[in-house]
Amino acid sequence: MENLKIKKVLLLGSGALKIGEAGEFDYSGSQALKAMKEEGITTVLINPNIATVQTSDGFADKIYFLPVTPYFVEKVIAKERPDGILLAFGGQTALNCGVELYLKGILEKYNVEVLGTPVQAIMDTEDRELFVKKLDEIDVKTIKSQAVDNISDAKKVAAELGYPVIVRAAYALGGLGSGFCDNDAELTALCEKALSFSPQVLVEKSLKGWKEVEYEVVRDKYDNCITVCNMENFDPLGIHTGESIVVAPSQTLSNDDYHYLRSLAIKIIRHIGIVGECNVQYAYDPASMDYRVIEVNARLSRSSALASKATGYPLAFVAAKLGLGYGLFELKNSVTKDTSAFFEPALDYIVVKIPRWDLGKFHGVKREIGSSMKSVGEVMAIGRTFEEAIQKGLRMIGQGMHGFVENKEFKIPDIEKALTEPTDKRIFVIAAAMSHGYSVDRIHELTKIDRWFLYKLRNIIDTADELATFNSPEAVPVPLLRQAKQQGFSDFQIARSIWKENMKDTEKAVLEMRAYRKSLGITPVVKQIDTLAAEYPAQTNYLYLTYNGTENDITYLHDHRSIVVLGSGAYRIGSSVEFDWCSVNALMTVKKEGWRSVMINYNPETVSTDYDMCDRLYFDELTFERVMDILDLEQPHGTILSVGGQIPNNLATRLDAQGINILGTSASSIDNAEDRHKFSAMLDRIGVDQPRWRELSSLEDINSFIDEVGFPVLVRPSYVLSGAAMNVCSNQEELVKFLQLAANVSKQHPVVVTEFIQYAKEIEMDAVAQNGEIKAYAISEHIEFAGVHSGDATIQFPPQKLYVETMRRIKKVSAKIAAALNISGPFNIQFLAKDNDIKVIECNLRASRSFPFVSKVLKINFIDLATRIMLGLPVEKPSKSAFDLDYVGIKASQFSFSRLQGADPVLGVDMSSTGEVGCIGTDTSDAILKAMLSVGLHVPEKAVLLSTGSAKQKTEMLDAAHLLHNHGYTIYATDGTHRFLNENGIPALRAYWPTEPDKQPQALQLLHDKTVDLVVNIPKNLSTAELSNGYKIRRAAIDLNVPLLTNARLASAFIRAFTSLPLDKIEIRSWEEYK
Amino acid sequence: MRETRRAVLELADGTRFEGRSFGYEASTSGEVVFNTAMTGYPESLTDPSYEGQILVATYPLGGNYGVPPTTADGDNKTFMSEFLESDRIHCRALVLQDYSWQHSHWLAEESLSQWLIDQKIPGIYDVDTRALTKHLRESGSMLGKIIIEGCPEPELYDPNTENLVAATSEPGIVVYTPAEDGKSVAQQVQPQDIASYPFDPARKVVVLVDCGVKHNIIRCLTQRGVTVVRVPWDFDFTEIPYDGLFISNGPGNPDFAEETVKNLRKAIELERPICGICMGNQLLAKAAGAQTYKLKYGHRSHNQPVRRADTNTCFITSQNHGFAVDNDTLPADWEPLFINMNDGTNEGIRHKSKPFFSAQFHPEASSGPEDTTFLFDEFICML
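Sequence lines, in order, name chains A and B. The numbering used here puts the first residue of the first sequence at 9, with every later residue one more than the last. The numbering used here puts the first residue of the second sequence at 416, with every later residue one more than the last.
Think of the hints as simulated: they come from the structure by calculation, not from any bench. Model, not experiment: these values are computed from the prediction. Even for Gly, the Cβ is constructed at its ideal location relative to N, Cα and C. There's no promise every hint is true.
Claimed, not checked - A few chain A residues facing chain B, derived, Cβ under 10 angstroms:
1) 270
2) 294
3) 351
4) 354
5) 469
6) 491
7) 507
8) 510
9) 513
Work the whole structure out from these sequences, hints included.
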């Protein structure tokens, strides 16, 4: 039975979303908190990620927005004195922190019991050497690797094994610092990097080309075991599972294969002594039953979140209960509510997971995918054929693709090379190769992808080819049309394959196609995911649509009591967990107000796709076609588009044209805000200022506009050739260079040029309005000057350094805009302010990224308010305002440059952060220190390397440099900065640029030797030498794990904070304690 | 588009499910049952317990990994297939949502479609198998026929009116002696010679009553070092000098196997260890005096949870049965050994003091999870 003496539990979260550790831990943490709550246990949560659902009201009893590090966790333990701690629900961050707490004796000191898997078992799985030894004891084969702690030993081991070898860093998440090496030089480079993160590096024989298969295993304290799911990677071993397309269940394993590996997984979990959940990853020989265990993760993982969503089995919830001492047989299957939790789900559908990359957002990053993870999000598609599921999934990743075929052609100079050296475009390279006549066997030889997957993809190509032999929908045989839909073709794909280049008006063609197939009765059916393949009746509301079926599982009442909320789709740079928070909160309000809450979303890392968050969940596409299919079935009272970010927002006009009742702000208002020309004209009409801009189609026109507004200007191409989508150009040279590099200016592809106001403050207005009247608002300021994307900026709320006059003007302008657009619901406006002049730079008639942050700091739920308004309920203006707050919140960005090999870690007008934290403190220093430590910075102990950019920025950093000096830090500075500091009476040691190789000390060497433990490197301009010198230092700082800041304002704020506030003076207060 | 013939599955209650043919092109009839396993179609198709049934796979994709070598080694008759559960397909037809026309596996020798054609078994796909499953779940297993376009419509066939055990039990007696490589050597023996057969004195002898036995049961026994004597379902084995008795799985209604029950009652008197699987469980229960009944739609899957009675120990099991032992009718000196955690039905029985036990599920797996193979060890330990 359960552990009765546990009354209070501490749960460690995973912090900001980063590559390799993302939204899945919001899901697992939330489930664990629910499980504890059900037992009447008091919960304390440490997680600085303020945008998550788990850090919302009603989940944990107490929330600390603090870094998940041993230092802060100990402080919280000392204060809260919990009986137990949960380490398995916050990813590698929580696990590593827990192990450290254990080793330091802190858990013992405060008598805190680790619930679930014991720490020794965790260490047995995390330390490769222990792990191999442990599995050797039961004759289970592992990839024999040798642990080394220096480069020369690594070379020796590699020589013994023979190249290629794989190098991994111990205690690292998502394959950080790992990779394949074909020779000594590659090995040296990789080991140096890995050893900077980890004391230990593992060198092992590569098994490239083997299958990769994974099992999710659960064990209770009575030694009862189940495997909830197995999964097979589409890509063979060598590509990180986070980078691979994955199917569940496995498709190419026979019964013997499947159960051989399943039995092994159970043997392993028993021997290690897991209590709760873990996954076992295998390499499996495609030509025999030989295998190797790759790794075991003794915690909830990305895979377990996927397995949970793929099967309907609530893994995290069950794992949490097992941690309390329950047996699996004592828990119920929460889907059927009738059968036991001790069972293995039977699927009657196939699931395909596809990663989402955003590599295009980074300068210099390598596009090749391999053994370390680079993707920022993922989608899960469900179908009853592989073809259906993968085509759905390829649309879901939202990178302009329509499925496997009928996409915009992209040029592949060398298909063979592109097949052997996979990039983020691999799947489309396969499509191109098939179209170019490559056989399945040839593609298999080059990629080692199992032929079964390739045959299935070939089926899609064949169907497309056959459709293309017809010229009108009516000419296509009906069975072929049906087959195309069963293989996941969208109306668009079918339309394009029939009309080809004659398809001028896409919208019209798609609607015609839709109407035609509906007239033939070709419509999808709704199926339930019920964990038991229909063997037992289940009242599950977990649904997907398929063309492979004839009967709906749901009986629709058509009572118009449904409210459909469109979710956020795949996490990507610019849209992530914050929109899941908004979606979940909208659902909760919808439900609370007595409507049937319906969610459409396909992101397995989210809480909105949990089985218990809404009355009906459609785990399906957010395309116009699929949303219309669902609305046709659901016939809801209304649809909410404004809480899921840009994907649902973009559907407004098209849905409106079909007569869909969009709740809140009208589609035409949304269009008026989204369309640059309409919005600009409106601002002129209501007398609101904006930076001057023009859409231009020749260099002459651009130049004459720049004569008018002056440099710098912001240039935004409408058609991007390569690299970043927009850029700031400070002079003619940069302008010409950027236009050549990134954009072909022409009548068809104009560029938008906007005057760029330097040294301006950027201000965010998050608000909720009803019928054009603002009901609640939050004004926050960026720490950085304008020019840093608002998603990368550090944001302060309430603002501490804004003129009252500025605030007043912002309120007034916002009210005007709200009235002009007759806004009902959430919206966000971004302003520039210089002196007291304010200009509008952007307006979104939807919830913004900062909604959870301001809602939680202000303690007014903006989404609840907005949803009530959208439901047509009367709302009162909240009486509280930001002026009443005696504390301040800081939202800081998390970057994942360490995972993006080669990327220049510099901030610009394009967003590059992958996550964020939000911390609260009594003043800016307190809050900023918590926030910066939460995103992985450390307070330096010895020395700082400064390269502070332009004269203006150098001046700006002068105070901070003084502070550093006064606090005894050694300052190293490069050329200009060195001179400037000495001229201003700050002793600094000269460090030499990489372009001055014969002088000592070299800046790079200071990083390699760990002489400096903070780097401030501010890029001056885009000149080649500047970029290459600065780039090398910035990149080295990232690769060697030395904290790096690249913005003068943020660097100053951070330095001010840690020099004025010692670590032990940082307040340890829970959210509730800030009143 | 691939040209395939239209096909219809018509249930006894008139419900029709349309699909297309991918197997042998002839119509057929039988009892329609569903199985929720996600792997193992070669094993299921050759499982004698599916005799007379039309098998519906709830997992929508089938044929992915083709079919392993199906022939035993020709002249040197082993009475044992290498990868399958018997020497032929037993179910009457296979129903899928989606058939994989191409397969991929290093062991595969032919496609599922080709195998079905060779064995004259119809297969249909593009059927809404989830809707079909729900219908069977709600209305119970029922008879049905598959009508392939252009083929004459068959009469409705009811396998439950036939002695299927007799139909699937192999006629002769075969002695399997363990060999070096985990395999066995088989020898056919005339019934009159078996009582005086020169058994290897170093090995225990287990009589296996073949009610439609899956080959993996034989493998599981010989791999544990015992000599197995496979006898037909109605053979009186009590004259054989055996150390232990094993009653196999088998198809259909246990009431037809009255002969076996009679022999079992004699064996109980002998008090030597007895073990049974599936049909074996039902027959042992009947011999003990308990009753069996037909389940609404049976248990056919790889994920059935069972709990060992009065313990906290649970297992995931492979199952395939349409009948069950009525717990309430067990005599006082018998008790349930395992209980199904989903519906509380009997999953095994044992004698309170004597070495007799049996399991309703399949510890030999194949296909399915291997968590309960230890039951063979428990049996061997009793010998």
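- Task: Could you work out which earlier hints the structure fails to respect and list their numbers in ascending sequence?
- Result: Going through the list in order, the structure violates hints 5, 7, 8 and 9 and respects the others.
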